[in-house]
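*Asks:* Chain by chain, the residues:
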Amino acid sequence: MTRVDVELQLAIENLLARYVHALDDDRLEEWPEFFVEDGRYRITTAENFERKLPLPIIYADSRAMLRDRVSALRHANIYEAQRYRHGVSSVLVERVDARTAQATSNFQVVRIMASGESMLFASGRYLDRIRLSGETPQFEERVVVLDSRSIDTLLAIPL
Amino acid sequence: MSAAVPESSESRTWPAEGLARVPYWIYQDEGVYAREQERIYRGATWNFVGLEAEVPDAGDFKTSFVGEMPVVVTRDEKGALNCFENRCAHRGALLCLKDRGSAKEIACVYHNWTYDLRGNLTGVAFRRGIKGQGGMPEDARPESQAPRKLRVTVFCGLVFATLSEATPPFETYVGAEVAARIRRVMKQPVRVLGGYSQMLPSNWKLYFENVKDTYHASLLHLFFSTFRLNRLEQKGGVIVGGDGGSHVSFTMMNTDSSGDEYEKAGMRSVSGGYRLEAPQMLESVDEFGDGVTLQILTVFPGFVLQQIMNCLAVRQVLPKGLGRTELVWTGFGYASDDGKMAERRMKQANLVGPSGYISLEDGAATGFVQRGVQGAAAHASVVEMGGRSAESSESRVTETSVRGLWQQYRRHMDL
Chain A
1 MTRVDVELQL AIENLLARYV HALDDDRLEE WPEFFVEDGR YRITTAENFE RKLPLPIIYA
61 DSRAMLRDRV SALRHANIYE AQRYRHGVSS VLVERVDART AQATSNFQVV RIMASGESML
121 FASGRYLDRI RLSGETPQFE ERVVVLDSRS IDTLLAIPL
Chain B
1 MSAAVPESSE SRTWPAEGLA RVPYWIYQDE GVYAREQERI YRGATWNFVG LEAEVPDAGD
61 FKTSFVGEMP VVVTRDEKGA LNCFENRCAH RGALLCLKDR GSAKEIACVY HNWTYDLRGN
121 LTGVAFRRGI KGQGGMPEDA RPESQAPRKL RVTVFCGLVF ATLSEATPPF ETYVGAEVAA
181 RIRRVMKQPV RVLGGYSQML PSNWKLYFEN VKDTYHASLL HLFFSTFRLN RLEQKGGVIV
241 GGDGGSHVSF TMMNTDSSGD EYEKAGMRSV SGGYRLEAPQ MLESVDEFGD GVTLQILTVF
301 PGFVLQQIMN CLAVRQVLPK GLGRTELVWT GFGYASDDGK MAERRMKQAN LVGPSGYISL
361 EDGAATGFVQ RGVQGAAAHA SVVEMGGRSA ESSESRVTET SVRGLWQQYR RHMDL
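Chains A and B are the protein sequences, given in the same order.
Residues 1 to 159 in this note's numbering are what the first sequence spells out, letter by letter.
Residues 1 to 415 in this note's numbering are what the second sequence spells out, letter by letter.
Keep in mind that the hints were calculated from the coordinates and are not lab data.
Some hints here could point you the wrong way.
Think about it this way: if two alpha-carbon atoms lie no more than 20 Å apart in a straight line, the pair counts; the simulated EDC-like pairs of lysine to aspartate or glutamate are [unchecked claim]:
{"hint": "1", "chain 1": "B", "residue 1": "Lys62", "chain 2": "A", "residue 2": "Glu50"}
{"hint": "2", "chain 1": "A", "residue 1": "Lys52", "chain 2": "B", "residue 2": "Glu287"}
{"hint": "3", "chain 1": "A", "residue 1": "Lys52", "chain 2": "B", "residue 2": "Asp338"}
{"hint": "4", "chain 1": "A", "residue 1": "Lys52", "chain 2": "B", "residue 2": "Asp57"}
{"hint": "5", "chain 1": "A", "residue 1": "Lys52", "chain 2": "B", "residue 2": "Asp99"}
If we strip away everything but chain A, and leave its shape as in the complex, we get:
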C-alpha cells in the first residue's frame, strides 16, 4: 500500500487552495507571494510541453516579474471585466527531500464575464516544485500545462 504523508498532503492542498482563492477573489497582489523570491512560473500548452518546445504563453523567473504582470493587469492592459472560478483536484504529492516536494494536480477554470456569460475557459495540470523550509510552503516552480492549444480571446488573469 502506498503510504501517504498526511501532514505534507494537507499542507500542499492548503497551498493550492489558498492560491486559487487569491486569484478567484481578485487578490492578484497576493499572487507573487505564493512563490519564492526567484520562483519560476510558466504557462504552456500540452502540445509544446510534450514536444519539449520552450515557447511560453506567460513566463516569469522571479517574484518581481510576477509583480510586473500584476501591475500591467491593473494599470496598463485593457480587457473586459471578468473573473475565474478554479477547481483543483486529484492532488498527487511526492517528497523530494527534507525541504522540497513535488505536486501534480488537475485544474478546470470557468471564466465569468461581466455580461454573465460563463464558459469552461481552461483545463490542465499544475506541475509544482514546492519549498517546504519556509514558514509556509511556497512554489519554487509552477508549470501550468493547458490541455488545449487554443485560448478563447485572451488570457489576462493568471491561472
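Given the coordinates of chain A, assemble chain B onto it according to the supplied hints.
*Replies:* The following block gives chain B in isolation, referenced to the frame of chain A:
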C-alpha cells in the same frame, strides 16, 4: 405563408468615398463570407501554410487550412514541399487527422484509399472486388475527384500555397520592398520554439486590419507607450506592397524619447508613472544590425511576420465563420541561437500571444467592433488617417496599410 424575405434589404454597394470608408456589412454578410472563400482563399492569392522548419525531413507532414479548406503540407521523398486538399477522392473524408507527423503514404481511415506524399491517389481498396465479386466498374475514374493540388512557393523558409494558376510569382505579389523585409527576418535557418492559437470573436478582416493599423498600436497598447517602445513620434515608417494587401511597418527605438505629444494631448496611454520591477525582460540585442526594434509585416490575405525586439513569430489568420477567427501563432528563433538568446526569446514571449503585454488587447478590440456594429450594416468606418489613398508613408499616424488591404480585397471581390 409569408413571402420570402431577401437576406438583406440594405445596399451591398461600396460607399462612394472609396478606400476611406469600410461598410459594416462587410463583416456581417454570409454571402460576402462565401464569396471570400471562393475569390480570395481559393482564388489568386498566396496563403501561408507553415514554416519549412515544421516539416524538415522527407515524409514529414502537417495539416493546415487555406481559408476554410483543409490542406496537408508534406515533404516528399525528393525533399520537395507539396500541399494538397485534405479530402479523400472517395467520400470526402479528411485524409490526415493528426496536426503533424511522418509517413510514407497517407491512407484515408474511412475505406483505406491511399495516397502518396504528393497527394496522388495510389490505391483503392478492393477496386477489383474479391474473387470476381463486387469492386468498381472498369471505366470508373475515382481520380477525377482527387484532392486538389495547390501550387507551392517557398520564400525564405515560409511556405505559401495557391489553387490558382493566375497568382503572380511571390515577389511580384508582395512587392520588392516587402520581400526584402521578409529576407531581413528570415535571414538564416530557423528553429521552431512552439505554438498556440487564439480564438478571436470577430471577422477575420477585423484582425487583419488591426495588424495593419499602425495608428492604434501606441494608443490601445499602453505597455508600449509607457516604456516609450513605440510612440508614434519615434522614427519608422509604413510600406504598402504588391496590390496593397501586403505591408510592413517598422520602428527604430531610442531615436526619440523626449517628445511629449502624447502628454500634451492628454491621452490615456501615458497615464501615470508605471515602471517595471524586472525590466530585464526588455533587454534585447540588435540581431539585424539596423536599429529596427519592431517590424510587423503582412501578406494578403492572412499572414503576419513579427519581429518585436528578439521575439519572432509567424501568425496565420484563419476564418472560422463570419464572426470567428483563429489566430495560429508559431514562435521561432534561429538554429544558431545560444542559451542566452533562447532565454531572451522566452522572456520576450511575454510581449505577444493571448497574454501578451502588447497584444492581448487585440483579441478583445476586434470583438468590440464586431459587437459594436451589429445594428449598423448601412454605416461605415472612417479610415482617413494619413489621407484617402494607400501609399507608403514615413509617418505611422496613418491608416494607409488598412486602405491598402481594402484596395486588394475589393479587386478580388469585385466590390
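*Asks:* Indicate, hint by hint, whether the structure satisfies it.
*Replies:* Status of the hints after comparison with the structure:
Proposed proximity of lysine 62 (chain B) and glutamate 50 (chain A) is supported: the alpha carbons are some 17 Å apart, at most 20 Å. Simply put, lysine 52 (chain A) and glutamate 287 (chain B) have alpha-carbon atoms about 25 Å apart, too far for the 20 Å limit, and the pair is violated. For the proposed pair lysine 52 (chain A) and aspartate 338 (chain B), the alpha carbon gap of about 17 Å is at most 20 Å, so the pair holds. The hinted pair formed by lysine 52 (chain A) and aspartate 57 (chain B) meets the criterion: a straight-line CA distance of about 19 Å does not exceed 20 Å.
Straight-line distance between C-alpha atoms of lysine 52 (chain A) and aspartate 99 (chain B) comes to about 16 Å, which keeps the hinted pair within the 20 Å bound.
The earlier numbered hint that this structure contradicts is number 2, and it is the only one.
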